[in-house]
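Add chains B and C to chain A, keeping to what the hints say.
What follows is each chain in one-letter form.
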Amino acid sequence: MILRKDLRLELRTLETIPAMVLFSLTTFVIFHFGLNRATIDGQLAAGVLTATLLFAAILGINRLFVAERDQGGFDAFLLAPVDRTAMLFAKAAALFTFLVVLELISVPAFGLLLLGTSLGGPLPGLILVLLLANLGLAVIGTLVSAIAVQTRARDLIGPIIGLPLLIPALIATARAIGPILAPGSSGSPPGKWLAILALYDVVFALLAYAVFDFLLED
Amino acid sequence: MPQRLTTHGKGLRGLALATLATISLALVLVFFYAPLDADQGFVQKIFYIHVPLAIVSLCGFVFGALLAAGYLRTGDRRWDMRSYVAIHMALIFGIAGLITGSIWAKASWGHWWVWNEPTLVSYLIVLLLFCTYQPLRFSIEDPERQSRYASVFSVVAGAFVPLNFIAVRLAQQYVHPRVLTLSGGHLPGSMQVTFLISLLGIALLYATLWKYEMAAKNARSQVRRLRRTLLGEDTMRPVGRSAAPS
Amino acid sequence: MRVEERLVTEPPAGDRPAIELRDLARHFGERTALEGVTISVPEGATLAVLGRNGAGKSTLLRILATLLRPHSGQARLFGEELPRNGYAVRGRLGLLAHEPLLYRELSGRENLTYHARLHRVAPERIEQVLQAVAMERRAEDPVRLLSRGMVQRIAVCRAILHDPALLLLDEPRANLDPAASELVEPLIGRGAGRTRVLTSHDPQAALAEADLVLALKDGRPAFVGAPEELSENQLKDLYA
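These protein sequence lines map, in sequence, to chains A, B and C.
Quick note: the first sequence, position 94, residue 94 per the working numbering, numbers continuous.
Going from the second sequence to the working numbering is simple: count from 1 and add 218.
Going from the third sequence to the working numbering is simple: count from 1 and add 464.
The following block holds chain A by itself, in its conformation from the complex (with noise of 0.2 Å):
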């Protein structure tokens, strides 16, 4: 994937990273102010956890498109000799990584801030957890980031559109969560919610790579 080069070289820009890492510390600080807790854990941090990642993701969402809509970059890729879904799988994997870095910084944030059990022992479920949970947000979110961007109201349809979208992922995803964050769990979040997170995955990204050739033709 040739393009997945031309995102990591747009990573010199650094904006949208560390704005997304801001806004999820930013957030956790309101929700200990919010919830009037010194601590939270199980099902309750679960869902702040949750919550903050997909509100944090809604920003890097928004400007996934922004630079090939404003310079020409989709006219550009349009006009070369590839495949047009190559465009889908790069933005995708270039959100997914903009996601796992925003994690590896929140992460740790979280279960120093707000988080009453330790970190260490759910680390491994989390992780895989927010891998599959990324690679929702990542497809759905290139989807949505695609249709807004050549929409007049930019930053307002990418999020109303992708919310709704998005809910049976987080409701999989906080609820995988919620148990290993509970003292005294085991640290292998339940299978059940994994299984559906993996289905819902494997759904959008396939109807994404079906559908995604009509968002770029004209």
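Possibly wrong hints are sitting among the right ones.
[Stated by the list, open to error] Here are some of the chain B residues that sit facing chain A, going by a computed Cβ distance under 10 Å:
{"no.": "1", "residue": "251"}
{"no.": "2", "residue": "356"}
{"no.": "3", "residue": "360"}
FYI, nobody ran anything at the bench for these hints, they're computed from the structure.
Just so it is clear, the structure is predicted and the values come from calculations on it, not from any experiment.
Every residue, glycine too, gets a C-beta built ideally from N, C-alpha and C.
Same frame as chain A, now just chains B and C:
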């Protein structure tokens, strides 16, 4: 763009009459035939309108998604028009379904909204999603791109409907009480009959309204076309809203 | 020889025209952008497309670039039918558009590297074109720091990087000073032997370079033929 548009007017009257007849029959059955529910009393009768509205609207969304797929495959904008009408009609039915559901909830359980009804919750999520359909359409100016993007959205959203219901159902502890057990065949015969007739009535209503709106839009576009040909481009006022064909 | 005659007889395989349009039309909603465009351009020739703003020049260029699909009529590039076989011809097209199609935060060289990868062009070629436009020294600077003339030069590089057989030029001399114009001439000018389609706000300059002229008025062809046959009056009428 030279394109023969069907008027969709054929059969409209017949359909409308059938709808009227079925709904009248359903009303009669609801009020005079179906027995009073032991626990909920008279209020339970809202079920006969709420559930059909919900079912028909969900089917409407999926129907709209299929029509949209037709557009993506053929590029013929008539499909997009059909899809648009299907979805926005389904949305109206859906909101009505949500409101009646809320009324029913209040009347039987005392709350306007209950979270432990996975069906109702899934339903809300689906409606939230489809509420974005029209803003999406309005914010894209180029008509062809608008049709294309709206169709992509419809297809994805249509696929989302079943996924969503599964996910939410699994997330909730409780099954939607009464309704699904009722429509799962535990209904006594008389209720079943009434329910089915109501369902049929609402479905016919949807079909009639769909056809009606298609006919109206087609007529309008043909008038515009004539006007443009006869009077010239300058007298055309811009349409301003959503899916207009050709 | 008039263009219409060339259209009527079926050209033998080796003699196939680079561009062949028959009754091409394209709408934007209810507005007609192009209608009834018919023309045949042999390989190696230069077609000048003239007309006012909004006459449909850019739309035509974008259809030729396979970025837009025609709504009716036929379009063939090098014998391949558009839009169906657009994939097959894309590698042979180069587009120099209003926007430079470069990422502003990346350097010239990085932009060209990206395009080279997209078109599977060897990296040495990048240096070659950079030198040809005398931009090797500034190639490391992010594009947003370059002057418009420099940006246009890099855009030219991008357009010809993969040595396209068909070059589509939308106002190519815009933003170029005479010195830069001279540098760029061997790359995008007649001498390079490519088939070219160019639009220009300056009809005289375009006519000077053209083998064939297509004049558009409100999306419809007002004149198709050799430049000598275009009269003064017709020209004035076009831009009226």
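Results for each hint:
{"no.": "1", "hint": "251", "verdict": "39 Å, violated"}
{"no.": "2", "hint": "356", "verdict": "8 Å, holds"}
{"no.": "3", "hint": "360", "verdict": "9 Å, holds"}
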